[in-house]
Amino acid sequence: MAGETFVSTLCRELLAAVGLALLCIAFWPGGPVSVSGHNVTLLPASSGHVYVAASAEPYFQPYSNTGPNDKDWTIDTRITLSGGDNLQTVFFDYQVFDSDMIYCCLVGDYGVPVRDWGSGRTYGSTITTHAGGSMAVQLWIHNIDANGQWFDFRARAGYQ
Amino acid sequence: MIARLFAFVAVISFATALIAGALSSLSAGSAEDGECSSHLCPGYVYQVLYDEDTGKVSAMLSWDPAVSDPMKLGTGFVPHPGQRTAIVHADDIADGTFQDPATDKYVFDASNGRILRVGEGRRGVEEGLLNWLTSVAASSAGIPVFSFTLGLVMSVAGFAFRRRTNLP
Numbered sequence: 001m002a003g004e005t006f007v008s009t010l011c012r013e014l015l016a017a018v019g020l021a022l023l024c025i026a027f028w029p030g031g032p033v034s035v036s037g038h039n040v041t042l043l044p045a046s047s048g049h050v051y052v053a054a055s056a057e058p059y060f061q062p063y064s065n066t067g068p069n070d071k072d073w074t075i076d077t078r079i080t081l082s083g084g085d086n087l088q089t090v091f092f093d094y095q096v097f098d099s100d101m102i103y104c105c106l107v108g109d110y111g112v113p114v115r116d117w118g119s120g121r122t123y124g125s126t127i128t129t130h131a132g133g134s135m136a137v138q139l140w141i142h143n144i145d146a147n148g149q150w151f152d153f154r155a156r157a158g159y160q
Numbered sequence: 001m002i003a004r005l006f007a008f009v010a011v012i013s014f015a016t017a018l019i020a021g022a023l024s025s026l027s028a029g030s031a032e033d034g035e036c037s038s039h040l041c042p043g044y045v046y047q048v049l050y051d052e053d054t055g056k057v058s059a060m061l062s063w064d065p066a067v068s069d070p071m072k073l074g075t076g077f078v079p080h081p082g083q084r085t086a087i088v089h090a091d092d093i094a095d096g097t098f099q100d101p102a103t104d105k106y107v108f109d110a111s112n113g114r115i116l117r118v119g120e121g122r123r124g125v126e127e128g129l130l131n132w133l134t135s136v137a138a139s140s141a142g143i144p145v146f147s148f149t150l151g152l153v154m155s156v157a158g159f160a161f162r163r164r165t166n167l168p
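Chains as they are written, first to last, in my numbering: chain A, 1 to 160; chain B, 1 to 168.
The set of hints was computed from the structure by calculation and includes no laboratory data.
The reader is advised that the hints may include incorrect statements.
To list a few chain B residues with every Cβ distance to chain A over 12 Å, as calculated [said to hold, decoys possible]:
#: 1; residue: Leu5
#: 2; residue: Ala7
#: 3; residue: Phe8
#: 4; residue: Ala15
#: 5; residue: Val45
#: 6; residue: His89
#: 7; residue: Ser147
#: 8; residue: Thr149
#: 9; residue: Val156
#: 10; residue: Arg162
To give an idea of the chain B side of the interface with chain A (calculated C-beta under 8 Å), a few residues [claimed, not checked]:
#: 11; residue: Leu61
#: 12; residue: Ser62
#: 13; residue: Gly74
None of the values given here were measured: they were computed from a predicted structure.
Just so you know, even glycine gets a beta-carbon here, dropped at the ideal spot from N, CA and C.
If we strip away everything but chain A, and leave its shape as in the complex, we get (with noise of 0.2 Å):
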């Protein structure tokens, strides 16, 4: 392009990479919460490993007594097999509690039985769900493998 100088061709291209970073930020897995176009508060991510032994069958909390009470959640749990012997047999089941029920605080499950689990491959789901109280949600991973078995989880809770 006639009167186009090096410092205007740099800027221009810095440009496009600026939006194309930006672009890959919005739609990068686990990145914010998008439900039914409402404005959705985002938690910390809790996120780690986690080893179980054989036959073992550990419950453990991403989140626990997690407010503000009287709120629409939306809660997405992944779990990925990590290493280890690459093929497992497993149960896991994750659960959301609303702590201001009295008979059952139950108010979400998604549970799967996984045999022949490959390394990599990621198990989990989407949960929304109203808690009137504090929210917490459980993980429960029982490994009916004969060894134990590492395990990435990610868990991110958003309100509205």
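Given chain A's structure and the hints, the job is docking chain B onto it.
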């Protein structure tokens, strides 16, 4: 001739130590990125769920507090009756031992840092150190350490041999 053999082995050992060390440091970099779930990683925190009586570990949570702290957002493991939890910092078990102040029991990392075991007292300490040494020997750091030591021994032996035989 024998002195040359010593020197040759020493040089080969040092070179092996150098190359293996460089390779293990490269692989250590990638381990921090993606393999900290199966190895004891510096800076990581571990929550251990174990049986109160037998000390058998049934599960562990591990995380990098710089990335996410699930213990700030949640409670981690929910122990059944007869089970306990302990928080272990990787830096505290760098020497192979960690004492849980709540139970006065020792938590050890066993071979390749994947499984922690809980023991008690002096016997447990010795067992833990032995496991630690075994894991170090089995790790990628074992080769450069062994090669370097061999090179050092060969250098000293060659030097001693030359002195003894009055070779220049």
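Now the hints, each set against the structure:
| no. | hint | in the structure |
| --- | --- | --- |
| 1 | Leu5 | holds (43 Å) |
| 2 | Ala7 | holds (42 Å) |
| 3 | Phe8 | holds (40 Å) |
| 4 | Ala15 | holds (32 Å) |
| 5 | Val45 | violated (9 Å) |
| 6 | His89 | holds (14 Å) |
| 7 | Ser147 | holds (27 Å) |
| 8 | Thr149 | holds (30 Å) |
| 9 | Val156 | holds (41 Å) |
| 10 | Arg162 | holds (50 Å) |
| 11 | Leu61 | holds (5 Å) |
| 12 | Ser62 | holds (5 Å) |
| 13 | Gly74 | holds (4 Å) |
Figure legend: structure checked against the earlier numbered hints; the only hint not met is number 5.
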